[in-house]
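Number of protein chains: 2
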Amino acid sequence: MAEDKSIYCASVTAPVNIAVVKYWGKRDPKLNLPTNSSLSVTLSQSDLRTHTTASCSSTYPPPDTLILNGQSEELNNRTLTCLKLLRSMRAELESSDATLPKLSQHPLKVVTANNFPTAAGLASSAAGFAALVYAIAQLYQLPHSPTELSRIARQGSGSACRSLFGGYVAWEGGEKADGSDSLAVQVAPPSHWPGMRALILVVSAAKKGVSSTSGMQQTCTTSALFQHRVKDVVPRVMGQMKEAVEKKDFDKFAEITMRDSNNFHACCLDTTPPIFYMNDVSRAAVRMVEWINEKAGRRVAAYTFDAGPNCVVYYEEGSGREVAGTFKGLLGGAAGWDGERGRAVEAAEEMAGLKEDKALASVVETLTAGVNRVILTGVGEGPMKVDEHLVDEKGEAVVS
Amino acid sequence: MAEDKSIYCASVTAPVNIAVVKYWGKRDPKLNLPTNSSLSVTLSQSDLRTHTTASCSSTYPPPDTLILNGQSEELNNRTLTCLKLLRSMRAELESSDATLPKLSQHPLKVVTANNFPTAAGLASSAAGFAALVYAIAQLYQLPHSPTELSRIARQGSGSACRSLFGGYVAWEGGEKADGSDSLAVQVAPPSHWPGMRALILVVSAAKKGVSSTSGMQQTCTTSALFQHRVKDVVPRVMGQMKEAVEKKDFDKFAEITMRDSNNFHACCLDTTPPIFYMNDVSRAAVRMVEWINEKAGRRVAAYTFDAGPNCVVYYEEGSGREVAGTFKGLLGGAAGWDGERGRAVEAAEEMAGLKEDKALASVVETLTAGVNRVILTGVGEGPMKVDEHLVDEKGEAVVS
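Sequence order for the protein chains is R and Z. Take the first sequence: its position 396, counted from the start at 1, is 395 in numbering that gives the first Met the number 0, and no numbers get skipped. Take the second sequence: its position 353, counted from the start at 1, is 352 in numbering that gives the first Met the number 0, and no numbers get skipped.
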């Protein structure tokens, strides 16, 4: 049999997700098993996505390679773990069906690019690992479900497991030592509650002080409050949030989202040494959301903060003018309003009143000085296969 | 018997105290009974004190009056409660000894002044109520101990009960519904550990957003983490802190102080809506203290924050150059270095190294821009009787 010199290729895009019940802390750092369950909203890939091509060929020189946004990257241990697990799943298929090409024996070339600036400080590792795992699963034609693949993506980056689904996604923390029950499941598809929107306020940030990987383990070992979060707070809140999503109860969704973000950052602050991700700009965003809700007479907006100062504001399409419009009135000068979604937002006129509210003057000043970009997006679909490859027919990475 | 037209007068000064195990939350708002015990260091009255004259006379027109820093103030409910309790203690004395003048029947005039700017945002209510209670106790010649008086001062302002003692002071929260066991006791006099110093970094603050009185009740009712603080964290920490004071173990003192400040602010952040007292300047002060300790190779400084952005840095006299000197090197332009204590501090030369440390550049910038005054002080004595009266022989307030 002649040697197979084909270039095999599969390309996918995968979404970012932003948790409303936060993941923080690992019960097993090696297997990336979390101390608690979490729940997120998957954001639309029209606005934020990772595009990844997985390719393999007997003609590629070993070892496996990764090109991220045009730069050759070293494969870290987590990536190596994912590749190893996927390869062994492919090898199992090959051993049960001799007609299959022996792709598991070929070096892999993974080329990946984000459609958003990495400098924006958006958690890109979730989308990145979801895309990597999903692309290789497509390349290898693995018959495994997204939930089964989530077990692998989790080992790349915890929150990546949630990016294997669209809509509203739970990562069930599980209890088994081997992590076999630590999996992502879809709570509801995007079509169940399609009007969910997210406005991301990108804070002109100083470099992140503490990586989330080391930060969360410091919290586990030093925070007296964190154990309480894990045992008492999150289990209760997970049930409430699933119910809020099921009922499309935005008021409850918003209440829990804000509370859980604060609870998470409280545990960061209770860490020794303390971890601060929110800064004065983040706090001004909190006050602004409170102002909007007060003015509306109900919760129409919910803030949440990951391990950084950026604010994600969830709201429903029907409250677009009150929420996004208010922020556009304030932050019209920031980048990001020029896209299709941004142009559609009408800057709210009530801003005149806001600017006369003396109590809010320093909030407004801090926000306008500190937010240099906004991203408008909404709930979206999970990873999808695409035809555009980032590797050409000769196996070279396409320079974009 | 001719009517007694004398002007009776007693004057005292009382100190500020800064807690190292924080008081936050009332189990009984009316009696000002705390959810948990707390522990503080009383600061020297050479640097920060309230001076109060209590005076009474049958010639004063009713009702009781209060003049604070030259301004006539309405007597609030808490002040009225203190006056009522003290008056009834005096009446009891009078009823058992008919020779005593009937001071309890005279209108009271209380005149009080601070030796520090109220605008500095330093908790002045503790010193204020301690001085009020102690001055009236002197005027009435009450035989009660400071601990007995602390029960009254507590009803004026919780932390005031701790200002009735010098040195290291515990407020035992107590368990009884009537508050009779909620009392301040001296853990150690200033002479036990006289080298304790405090550097207060006064942050050019915007107005405080949330009063501590309303803030703490919001925390009690909405924070999931707070109950854990009350039940598990504070009882353990109180014992450890008493031991650290007893042993003059600064390392342990510092560890607990910083941890408890963070734990308290974590509970504030876990409140709905979240309460933020620390701002970017406060956080920069935290980082600076961490830097100093890292450089020293041991804990030589401990930060703590009350319900506001000001940072109080505790250190031992022997570490003055490393701690106060480092801050003087950075913040030499701030007001407050011109006093006797400030002039004695040698600006540390290592600052040159600090300023070249790029990771610290934004910390240094934030601190120098945000701190406009420092106060150098140290552990000090409790309230004392003084001869200088703020009421003249005619019963008029002395304009200072």
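To be clear, the hints were calculated from the coordinates, so they are not data collected in a lab. Mixed in with the good hints, there may be bad ones.
Any copy, or any two copies together, can satisfy a pair, since identical chains are not distinguished.
As the list claims (entries may be wrong) - Below, in silico cross-link-like pairs of lysine-lysine (DSSO-like), each with a Cα-Cα straight-line distance of 30 Å or less:
1. K393 x K246
2. K357 x K101
3. K83 x K230
4. K230 x K25
5. K175 x K393
6. K246 x K354
7. K294 x K241
8. K251 x K230
9. K230 x K101
10. K294 x K354
11. K25 x K251
12. K246 x K29
13. K4 x K230
14. K241 x K393
15. K4 x K294
16. K393 x K101
17. K246 x K101
18. K354 x K247
Checked hints:
1. K393 x K246: The answer is neither: 51 Å in one copy and 74 Å across copies each exceed 30 Å.
2. K357 x K101: Neither way: K357 and K101 sit 70 Å apart in one copy and 51 Å across, limit 30 Å.
3. K83 x K230: Neither way: K83 and K230 sit 34 Å apart in one copy and 47 Å across, limit 30 Å.
4. K230 x K25: The answer is both: 14 Å in one copy and 26 Å across copies each meet 30 Å.
5. K175 x K393: neither (45 Å within a copy, 82 Å between copies)
6. K246 x K354: neither (36 Å within a copy, 55 Å between copies)
7. K294 x K241: within (28 Å within a copy, 48 Å between copies)
8. K251 x K230: both (21 Å within a copy, 29 Å between copies)
9. K230 x K101: neither (47 Å within a copy, 61 Å between copies)
10. K294 x K354: within (14 Å within a copy, 46 Å between copies)
11. K25 x K251: For K25 and K251, both the intra-copy (28 Å) and inter-copy (28 Å) Cα distances are at most 30 Å.
12. K246 x K29: neither (37 Å within a copy, 41 Å between copies)
13. K4 x K230: Result: close neither inside a copy nor across copies, 54 Å intra and 68 Å inter.
14. K241 x K393: neither (48 Å within a copy, 73 Å between copies)
15. K4 x K294: For K4 and K294, the Cα distance exceeds 30 Å both inside one copy (65 Å) and across copies (59 Å).
16. K393 x K101: within (19 Å within a copy, 106 Å between copies)
17. K246 x K101: neither (48 Å within a copy, 71 Å between copies)
18. K354 x K247: Answer is neither: 33 Å inside a copy and 53 Å across each miss the 30 Å cutoff.
Hint violations for this structure: numbers 1, 2, 3, 5, 6, 9, 12, 13, 14, 15, 17 and 18, all remaining hints satisfied.
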